[in-house]
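As given, the protein sequences belong to chains A, B and C, one line each in that order. According to our numbering, the first sequence is numbered sequentially starting from 2. According to our numbering, the second sequence is numbered sequentially starting from 212. According to our numbering, the third sequence is numbered sequentially starting from 436.
Because the hints were derived from the structure by calculation, they are not lab data. Among the hints, a few may not be true.
Label-pair distances were calculated between CB atoms; the ranges are [to be verified]:
1) C:R513 x A:K283: 25 to 35 Å
2) B:I513 x C:E624: 47 to 57 Å
3) C:Q676 x B:P219: 26 to 36 Å
4) C:A542 x A:I79: 46 to 56 Å
5) C:S446 x A:V263: 48 to 58 Å
6) C:N474 x B:R523: 29 to 39 Å
This structure is a prediction, so every number in the text was calculated from the model and none was measured. Beta carbons are placed, not taken as given, at the ideal position from N, Cα and C, and that holds for glycine.
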Amino acid sequence: MDWSFFAGVVIAGLLAGVMYSLVAIGFVLIYKTSGVFNFAQGAMVLFAALTFVSLHEEGVPFWGAFAITLAAMIVLGILIERLVLRPLINQPPITLFMATLGLSYIIQGAAQMLWGTQVHQLDLGIADVPLPLNNILISQFDLFCAAVAGGVVAALSLLFRYTNLGLAFRAAAGDSFAALNTGLRLPFIWAAVWSVAGFIALVGGLLWGARTGVQFSLSLVVLKSLPVLVVGGFDSIAGAIVGGLLIGLTETLAEIYVGPLVGGGIDQWIAYVIALIFLLVKPNGLFGQRSVERV
Amino acid sequence: MKFIRSEPAAFGLFLLLALAMALIPSDYLFDAVLTPFLAVSLAALGLNILAGYAGQVSLGSAAFMAIGAFSTYDLLYYIPGLPLLIAFAGAGLITAAVALVFGLPGLRLKGFYLAISTLAAQFFVQWVFTNFPWFSGGDSSGVVNAPPIAIGGILIGSPLRRYLLSLLIVAVLSGFALLLTRSRVGQSFLAIRDNELAARVLGVNVLKTKLIACAVSGFYIGIAGALWAYLYVRLIEPAGYDLNFSFEILFVVIIGGLASVRGAFLGAAFMVVLPLALSRAGAAIFGDTFDSGLVDISEQIILGVLIILFLRLEPQGLSALISRLGLKKKQSHPLPSGVSHEFN
Amino acid sequence: MELALALRNVSLSFGGVAALRDVSLSVRAGSIHSIIGPNGAGKSSLLNVLTGIYKPDAGKIILAGREYASLPAGRLARLGLARTFQNLALFKGLSVLQNIEIGQIHAERAGTFEQILHLPRARREAALARQTALRLAGQLRLEPFLDSAVAALPYGVQKRVEFARALASSPRLLLLDEPMAGLSRGEKEQMHDLILAAKSQWNTTVVLVEHDVHVVMDISDHVTVLDHGVCIADGPPERVQQDPAVIEAYLGVPQPPRQAAEIEQAAE
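Bound conformation, chain A alone (with noise of 0.2 Å):
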């Protein structure tokens, strides 16, 4: 058993869960705020990563370019909210899915129309070149984009946690009167809501996009957050985070050891088949507080 190609297994495992847990996180952040289910993530970052990939073909700055499309984000969420979520907010949260869905291939298809179906390519100016750390080779990109998500994951813990606005957030969900107690007005802790969502889609764009390149199976990765969710429970964000880890991990685990064996492409199933076993398991996720009913 070779010791250090598996903990190079493990390693990459855990840095893609951090992706996962990432969006899983503006997930979890929407819902337990407005108890609305964000499917419209997988759309969220997909326009992000294209409008950033755009602009910066043109010639713009990194930073300009993340800017312009962060607020091009926030004004997007806000639209969705109004236009496509709140009518609906009385439905069962499948409609919601089905609406989202809708405004996924609206955005895919307006996406195509304006720049194009190939690939965009996106260079963070990182380098994916292996880093050798005690004989176990683990990709450079990899590790970036794990910090930048791990950043962001903890940042928005802490925010969620320890400051006025995560109080205002935490409060809104239960109860939007006691919310307005800590001296912020609902409109604006929606606004921050969206655009906190908004930053995540960017930011998870980034990364993916620039991992994989900026293409429309990056609504499929969102849609890979479900099971993350059901894992670690629909409104915790330390299940988002474990979840998301545990996802990556067993994926690619699968993927090495148990693929070659079946002719791969086990991680294109196998982290649903996970959220199977936790269903009938445990229903709340690991983490999860809302009670599902059984027969």
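Fit chains B and C to the supplied structure of chain A, relying on the hints for placement.
For chains B and C alone, kept in the frame of chain A given last:
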């Protein structure tokens, strides 16, 4: 507000119209429009039984169609001499069984979780058929031509015959669906969808009813897959049953109308006709620059917009819109004029 | 004296907050028994225990002569228990008539295939259900609405439909969850008459959970008062009305709002 729908009458009318279509001498009509329309309608009907009536949403319809297609192929390949219709029925039963296996975890919990287990089914099933050549009779190329088929010595080799066979199967199954939805079982589906707790307290056997919806839905979608593979594309290939296809069937159900037998047909008609109408309109307005790529893109955008509009404004879809306009007849797909002259 | 329903020392708590504490009550067959109490008293928890949604931490429930640690929600209809819901639990996809008909479903014996294929036994049962439903609709003056979709009807009418649906299951015990809520004065009188009719005409024991104390005192044979999950009074209306503990609970020392809200939230 009147609540009764005159579905049997509409059904009869639809059948007459469909039979009348058989008189039109156009292979293109059968192969490119009517047969896929029937296959998609059947799949949408199956999904509708689960989603629209019992309120459980499946995101893996395409995978179940794949199971139906491959089951038919394997039954016919590994059991020489098996009659075609038995193979189709067998494929339906196999799909129903698999649907139950994947659906069971989700059914025991509240609605949204079925979405996850069917997603698992979608990716897993596609992977299995891609990676294990046994299902394709040992062929590992990923694409197999559907072998020629016959019923009782009559070769089903022409577009017309393929259309008639589809029509026969779809008509019988739709008739059964009408019976189902108008029975106490169908009412139980709606009761569970609208208020599961009240239904349970009244004595509805919730789990059993959900399983029935799951199994019937699987059966229908499996056969739809078999029709799609054998009578439309005439290929057995896993790649054709991807997530996008699942979403499209879901869209058919939403646009056509949830909890409505005719909704499946209306939605399917819309979906089949839309790309055709778009390429016409596009060519007419923009001329030669409007290529098939643009058709795909605009179709995507239009679908997305329509989904959101329908979900917001008319969750009962086209079916309800038509009721409201006072038109009780089941609409057959409106054909863009001139299509009968077109051969590609 | 036959008991339609009894609770013996039933306790229920959610994450440390006690919703019901050692509650006991006995409901005489054929009587109208009301359960009242201020907000957060535990009325909804009690109702949910009686509907089998919650399993008590301790105590027993006696229904139809048998003892249960918790009631099986799916078998309640067959045990003769029917209920209405405060927020109305009508089936929007079915018409008024269909809603009432489906109240009979627990008594139907035809199998799935028989029902789908509309075979004779299923058709007979459906016809029987229709007859019963039509009769009830007539008695509750719902004839003009039979084929309507329920969602568009006035609230008071919807409540009558739900009542009819509950009656359609031929219950021995009817649980009414805030039947007076949201009704106009005239509608309240109608509901008042319906409840009395349930007792006299349909021979059903009625258990009411209600906020409207006046109605309760007027209509009930027996009243149980809950406060903070504890039974503080139990007896005929005249006696309960005068009970100082009851008066204090309703008019006297105000409960700390946080606790009451906690209990209510936990009970949701």
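Which numbered hints fail: Hint 3 is the one this structure does not satisfy, whereas the remaining hints hold.
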